[in-house]
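> Given next are the chains, with one letter for each unit.
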Amino acid sequence: MDEILEILEKDARLSVNEIATMLRKKPADVKKAVLKYEKEGIILRYKTIINKELVRDPDTTVRALIEVDITPQKDVGFDKIAERIYSFPEVSSCYLVSGTYDLLLIVEGKDMHTVSNFVAEKLAPMVNVKGTSTHFLMKKYKEDGVILKHKEDHARIAISY
Amino acid sequence: MNDRIAHIVKEMQPSGIRVFFDLVLGMKDVISLGVGEPDFVTPWPIREAGIYSLEQGFTSYTSNKGLYKLRLGISRYLKNKFHLDYCPDEEILITVGVSEGMDLILRAITNPGDKVLVPIPSYVSYGPMTELAGGIPVYIDTEKQKFKLTPADLEKNIDRKTKAIIFNYPANPTGVSYTHKELSEINKVLLKHNVLCISDEIYGDLTYDFEHTSFASLPRAKDNTVYLDGFSKSYAMTGWRVGFACGPKEIIAAMTKIHQYTIMCVPITSQMAAYEALQSGRKPVEEMKREYRRRREFIVDALNQLGLPCMMPQGAFYAFASIKKTGMSSIDFAQALLKNQKVAVVPGNAFGKSGEGYVRMSYASSLDNLKEAVNRISLFLRRETKHG
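Chains S and A are the protein sequences, given in the same order. Each residue of the first sequence is one higher than the last, beginning at 893 in our numbering. Each residue of the second sequence is one higher than the last, beginning at 13 in our numbering.
Simulated from the structure, these hints should not be mistaken for lab results. A few of these clues could be false.
[Claimed, not checked] For lysine-lysine, the following DSBU-like pairs were computed, each having C-alpha atoms within a straight-line distance of at most 35 Å:
hint	chain 1	residue 1	chain 2	residue 2
1	A	LYS234	A	LYS383
2	A	LYS383	S	LYS917
3	S	LYS918	A	LYS383
4	S	LYS918	A	LYS365
5	S	LYS918	A	LYS301
6	A	LYS365	A	LYS351
7	S	LYS1014	S	LYS944
8	A	LYS365	S	LYS923
Make a model of the complete structure from these sequences and hints.
Structure (structure tokens):
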């Protein structure tokens, strides 16, 4: 992976100038590269990782993993039906997976009832959806490479040779 | 009871900046650029291997020389990396960090009155260790040569009592390192005068602008070199205390003799973890190195812009900046910066008299910390120039 991406993935707040300094490149070249990544959809968005274990957002208090078994459609396979499903705002992630079912969703809602309703009223009745299996998440330990635990930094001795 | 302490210890120069250190340690919310170790924790697979070895009950002594599989691993690693052939049975000794290796080699070779060359500024322990071993440290001032030892300066300082040189590159505190060509020139002088090279290459993996050349891999150098290295800096394993010494077999045998009477062996947990470090590949090392390199560019650029001239260090994780323009001594600068802006740096004179007029700033600290430190130093300099 390009080092510009490596840097931004760690800290998206860094400015073009700062990145240029760190990589000994011209700011204009870094800017060009970043714009290109944005245009190509390699960089999609700049966002902040919030530890939702500490900040409760009432609308996304409950999360569930939902396995969805679907019948693929002629010509378009899974893509069309996946699109219909992932377009619901309740669906925060959607993956096509190998194995005993086809789509794996992460669905968020303010309580179990909301999520159940989504499954019962929106998801399960869809044509092509053969079956669903819902797993409510109980605790998050690690997400996207980030360990969701506020750890005290182990203090190094402030001065050493 | 004035004689309780041995004269040699009593006369040893206590570190002149001890008081400053105590000041730092007693202060809260300090941004410290005074740290001489990585800010990463040891990669998890290595830590896990240490834990697993404890679970398995590996709690005994090991052979004096260290676990055979670790020595074998090191031997293979050096063969692969530097085309160096060290026999794991007779030419490699596992030590408690490079520090122990340094102590052992100095004690193993020094007769009373023998001279040992130490280019300065240097890591703090070289001189005192030489003295404790009964030798005389001969300091070579490198400031005028941009902190690089030149063959001419080297030759000038050699006489018939010169036994060895302690040669550290990339260097703490300056970050200076040497290309293959520069090392070859130094090697020629050492061979000509039969001066042993004690090569401390603990920062070798953190060389940014060219490939690190191991001194022993130079022509005819292997039999004239004791190569000291370890896991502390490259694998972020400072607290585990594992290093190794490689050299001619009679020298390693002599070092092992001292080691077996004083240390016995390196803690087995640490050796097991170090073995895992060799097994688990270079990816974390390379990642950390890239991160250091980026921070290096940031801090050196910032310091130069602030008017604290600083060469681009070729290795390690230190920027060695000149503070001469402020008119302050290193210690005054460090003290005032700490008191006024709560940024800790190490005064250059801690590393020998030719470090006066400089401060060492470690960039083994997060980019956020470095940025904040730069802001504070900038404020500090503005106020100082106003008063001055």
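> Give a verdict on every hint.
Each hint tested on the structure:
Between A:LYS234 and A:LYS383 the alpha-carbon distance is near 43 Å, which puts this suggested pair outside the 35 Å criterion. Distance check on the hinted pair: A:LYS383 and S:LYS917 sit about 19 Å apart at the alpha-carbon level, within 35 Å; holds. For a cut-off of 35 Å, the pair hint linking S:LYS918 to A:LYS383 stands: about 20 Å separates their Cα positions. A C-alpha spacing of about 39 Å is found between S:LYS918 and A:LYS365, which places the hinted pair above 35 Å, so the restraint is violated.
Among the hinted pairs, S:LYS918 with A:LYS301 is consistent with the structure: their alpha-carbon atoms are about 22 Å apart, no more than 35 Å. At most 35 Å may separate the alpha-carbon atoms for a hinted pair to count; A:LYS365 and A:LYS351 meet this at roughly 24 Å. Straight-line distance between C-alpha atoms of S:LYS1014 and S:LYS944 comes to about 26 Å, which keeps the hinted pair within the 35 Å bound. A distance of roughly 45 Å separates the Cα atoms of A:LYS365 and S:LYS923; the hinted pair therefore is violated under the 35 Å criterion.
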